[in-house]
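Following the hints, put chain E in place on chain P, whose structure we already have.
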Amino acid sequence: MRSKLALLLCGAIVAMLSGATSCRAQMAQCNGLTGGTSYKVLIDEIQYATTTGNQPVLSIELIQSSVEGALEKVRRGILNHNATQDTFLYLNCKGRHPQAASDFDNDLVRNLAENHAILEFWGTLFPLGGGQHKFDIHYVLFPVAFLAPPAPSGIASTEKTMATKPTPEEVRQFLISTRADLPAYFTAAAGVQAYADHNLDQALRFLCEARTRLKKNPDQQELMKFVDELASKAAVEQRRNDNKAASLLTETQAKDYCSFATTR
Amino acid sequence: MMIRFKPTPRRLPLCAAAIWLAMFLLAPKARAGAVASCGGEPFAFANAEVNVVFLPYFQSGSSPRGLNGLGSQLALLMKLETLYRSISYDHWGIILLTGSKEECDPEKIARGLLMSHRIPLGGRLMIVWGKLYQQDNDVYVQTFARFYSNNLPGETAAPPQIEFQLAGKTFQGRINAQEFAFPPEQLPIAVMNAVAGNFQKAAFLYAAPRLDAGKIPLPLDRFRKCDSCPDRLAYTVEGREGDWIHVKTHDGQEGYLFAHPQNGISLNQRLPEVSFLQGAMGFLRYAVQASIQDHPEWASGITVADDALREYARREEASQEPETKAAALQLSGILEFALTPNTPSPQFDTAFQLVPYSSDSRNLAAVFRLYEEYNSPSRLRPRDLANDFVAAVSLDPRNPLALSNLQSLYELLASPEIVSRVAPEFAIKSDELQASIEKVKAIRNNLGENRGPGR
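From first to last, the protein sequence lines stand for chains P and E. Just so it is clear: in the first sequence, position 213 is 212 by numbering that gives the first Met the number 0, and no numbers are missing. Just so it is clear: in the second sequence, position 405 is 404 by numbering that gives the first Met the number 0, and no numbers are missing.
The following block holds chain P by itself, in its conformation from the complex:
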């Protein structure tokens, strides 16, 4: 059953990537996804799960505004380092809402990662009975999932159970309260992508920023360990080049790079 669903979704997204219009009800197209070297963040819908089909909870523009607000400082921090304006793109994926993170199999992840999609974000509000609701926010970090298969690597979620059906405002407040998660996952994904692109200087900074942010999240210690180790690997590689600033590091410092760089 799961493999059939995965195949179905995979087909839908491959079709989407190739510009086809089928299956749009499940996976709407994100304009600007294919091609280019910009790092892309896919912003999907937040929907109520109902028996008659999902209904949007918040306008996609408001979700995009919240996401951009949370990530703007990170993006600007990078732009200050001589990156161009279109280094990062936020894609408004109106109507797009994956069923579950497990929908993203290895081929699909590879396809998205090769198009420099680094992060996808969506939410679902499930009725639990007795008025209770569960609110899930899902993130897929494509470069992490691609570099560290098998699944479920590169997948993260935040959930909250609510005693009554939340109003859109309560959903929005929850979104705001999880704002700290977005920069953490964004920097982790961007750091891993930069490493994959052999842009090791940028990878080091992103990965240590991700490590710092992820340290505050007890549920993401595995991801934190992954980015920490990748940063050290990048530092050891950079250290070999005498013309690079990382050559100033001792071997011990490079091997535990983020600890050295971010603590006094």
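Because the hints were derived from the structure by calculation, they are not lab data. Heads up, some of the hints might be wrong.
[Said to hold, decoys possible] Lysine to aspartate or glutamate pairs mimicking EDC-like chemistry, simulated, CA-CA at most 20 Å apart:
| # | chain 1 | residue 1 | chain 2 | residue 2 |
| --- | --- | --- | --- | --- |
| 1 | P | Lys-215 | E | Glu-437 |
| 2 | E | Lys-440 | P | Glu-71 |
| 3 | E | Lys-100 | P | Glu-67 |
| 4 | P | Lys-243 | E | Glu-316 |
| 5 | E | Lys-438 | P | Asp-200 |
| 6 | E | Lys-107 | P | Asp-241 |
| 7 | E | Lys-440 | P | Asp-200 |
| 8 | E | Lys-438 | P | Glu-60 |
| 9 | P | Lys-254 | E | Asp-383 |
| 10 | E | Lys-100 | P | Glu-71 |
| 11 | E | Lys-100 | P | Glu-60 |
[To be verified] Beta-carbon label-pair distances, calculated as ranges:
| # | chain 1 | residue 1 | chain 2 | residue 2 | range |
| --- | --- | --- | --- | --- | --- |
| 12 | E | Glu-424 | P | Ala-99 | 17 to 25 Å |
| 13 | E | Lys-440 | P | Glu-250 | 48 to 56 Å |
| 14 | P | Leu-127 | E | Asn-150 | 53 to 61 Å |
| 15 | P | Lys-214 | E | Ser-377 | 37 to 45 Å |
Because the structure is a prediction, the values reported are computed rather than measured. All C-beta atoms in this analysis are idealised placements derived from N, C-alpha and C, irrespective of residue type, glycine included.
Just chain E now, with coordinates in the frame of chain P:
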């Protein structure tokens, strides 16, 4: 009070830049405000030490309400509140630009001001803008600000904000960001109504500091609709009377702006960035390459700015944006250092803890750790000092200040007079120091960054 202003719309002062500039130079405190259009060549006061430009807050996403009107109102109130709070400073200009979203793009405005040399070489500029979005009945506002400077030849993209010498070696630092995002804040309907009500009172030039005095409207709509409008409404700021700002136009007319309306809303209470902007403006005015000893009259302005930045950092909401909170602590620390250089503030360490992945934060904390250690009777710990700068360099290998500081530190440690001050367990051997100096020089040459003080 004698009414010297005659509220005749035909006499609305739209002055030419040349007249204005002459007047600005003659003003003893040289504090000025203006309202102008984003279109055409944007306006700023070329002779001011610092210009602060407010842009309208624009709607983000869809809203049945249409938020751009509220955005224009909020921008005027923010500008007037900043005028009101900046009276302790001198040699500044505060400008409100109005127009369409496309024309009022912050980067476009900054480019126009810098390239036209409306902000002269060495001049400082802060641009403030924001966005509004709606969910149900509530509107949310988020403000952004950015520092710009028209760099002198040879200066780096973001010039240092602190510089000192130890034994002839130069050390420099800058805060962790030049752009600041402030916490998004909710504006319930009651607050929006208060903003609209206060705007209705503030959008006039009054003949006396009373709401029942004669008044003429500020020409906001005219500038908003003007694509390449060469005119502007400009005035010098003469002083503050209660909630009012006393202004004088180029032809000698006097009037009053209702700058601090508090009916139903305190802007500072609702938007903590008001304090940050007040402090940042004072920082840009006074944190320049000059000694406070030569300008004792700056002390009160520096104290006001420091207090405002500390107030922002203390606000609970500030924790939502650690980068901006860290910047407030760093700006405040630099101002306090200007007043009392013998005791560097521990705020640099606090700021570093907030954003430990920032190369500039690590560098700034390292600079002040070095300063404190160098000026204390205790022994130096070269290995720890060097590690601080190595970490800053590794976090941003293109950070010219961190690289320059690391070279300066190694050279300082290699000088004979320092050797006797070194704690043996933290010492770096002479040949290792020389090798490190050559390595840093090579890295800097490789980056094309080997320029700056004494290089």
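Checklist line | Violations among the numbered hints, reported as their numbers in ascending order | finding: Going through the list in order, the structure violates hints 1, 2, 4, 6, 8, 12, 13 and 15 and respects the others.
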